[in-house]
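Asks: Protein sequence lines correspond, in order, to chains A and B. When we follow this note's numbering, the leftmost residue of the first sequence carries the number 1, and every step to the right adds one. When we follow this note's numbering, the leftmost residue of the second sequence carries the number 74, and every step to the right adds one.
Read the hints as simulated data drawn from the structure, not as lab findings. By construction, the Cβ of each residue, glycine as well, lies at the ideal position given by its N, Cα and C atoms. A few of these clues could be false.
Chain B side only, calculated, beta carbon under 7 angstroms to chain A, not exhaustive [as the list claims (entries may be wrong)]:
1. H169
2. Y172
3. N173
4. P200
5. V202
Quick list of simulated restraints, FRET-style, between CB atoms [as the list claims (entries may be wrong)]:
6. A/G14 x B/S154: 21 to 29 angstroms
7. B/V206 x A/K52: 21 to 29 angstroms
8. A/Q35 x B/K110: 45 to 53 angstroms
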Amino acid sequence: MCLGVPFRIVAIEGTKARGEAFGLTKEIDLRLLEQVEIGDYVLVHAGFAIQKIEPEEAEEDVGLFREFLAASP
Amino acid sequence: MSFLAREIHSPLNLMEVCGTHTVAILRFGFKSYFKGKINFLSGPGCPVCVTPPEEIDRIIALAERGVTIVTFGDLLKVPGSGSSLAAKRAEGAAVHVVYNPLEALAIAGRTKNETVFIGIGFETTAPLVAALVEEIVRASCRERV
C-alpha cells in the first residue's frame, strides 16, 4: 500500500484520467493536482495522482521496477 | 542470541523499513539482546502494522454488529487482541478490501447496512480519505436538495 507507481497520462476528462504503466491502463483521479496534461508523468497512490514527476525520474523509477520484477521468483 | 551478539565487534546501525519489523524487534527483545551492538533505527514504515490491538478490536466489534467494513488490504492481517479482520472475513463478516477509497461509495450503495471506511494510513493516504469525505458530503447534500 505504501507503493506509488509512475503512470503516463494518456487521456483526461475533468478530474478523471487514464494512465499507462507497464502496459497496463488504469483510471486515475486527478483532483489532488493542478494542471496535469496528456503526456505528463504522475505518481499514483491508491488510484489518485499525488505528485507530478519529471519524465527522466519516471523512466528511472520504471527501470528500477522492471529490475525488481525481473529479479522476483 | 547472545552468541550472535558476541560476534558483533563494532556497533551496527540497522534501520527497519516496515512497522511489522518494528513490532517483531520489540516482541522478541532484540533491543536488549543487542544493546550496545546494534543501534535499531526506525525507518519510513507506515503506521498500519503498529496499529494498537484495541483499534483492531473496535473495528472487529463493528463488524460483529453487522456493520460493513471497507479497508485497504494491509490492515487485514494486523492482529487485534484475539482475532484479525482477515479471520473475521473468513468467518463471514462483511469486510471489503479496496484499492481506491472511493470504491467504498459503491460498496455502501449495494448494502442496506451501515458502512464504515477504516482510514488508517499515513501522509500519502490522508488526502485520499479526505476525497472520500468530500464525496460523502457532496452526496448527502444532493440527497437533501
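Asks: Decide, hint by hint, whether the structure agrees.
Replies: Consistency of the hints with the structure:
Checking B/H169 against chain A: minimum C-beta separation of about 14 angstroms lies over 7 angstroms; hint violated. For the restraint placing B/Y172 at the interface with chain A, the shortest Cβ-Cβ distance is roughly 6 angstroms, inside the 7 angstroms limit, so the hint holds. Interface hint at B/N173: satisfied, since its Cβ lies 3 angstroms from the closest Cβ of chain A, which is below the 7 angstroms cut-off. Because the beta carbon of B/P200 sits about 5 angstroms from the nearest beta carbon in chain A, less than 7 angstroms, this interface hint is met.
The criterion of a C-beta within 7 angstroms of any C-beta in chain A is not met by B/V202, whose closest approach is roughly 9 angstroms, and the hint is violated. The given range of 21 to 29 angstroms is broken by A/G14 and B/S154, whose C-beta atoms sit roughly 45 angstroms from each other. A C-beta distance of roughly 24 angstroms is found between B/V206 and A/K52, which places it inside the suggested range of 21 to 29 angstroms. For the pair A/Q35 and B/K110, the beta carbons lie near 52 angstroms from each other, so the given range of 45 to 53 angstroms is met.
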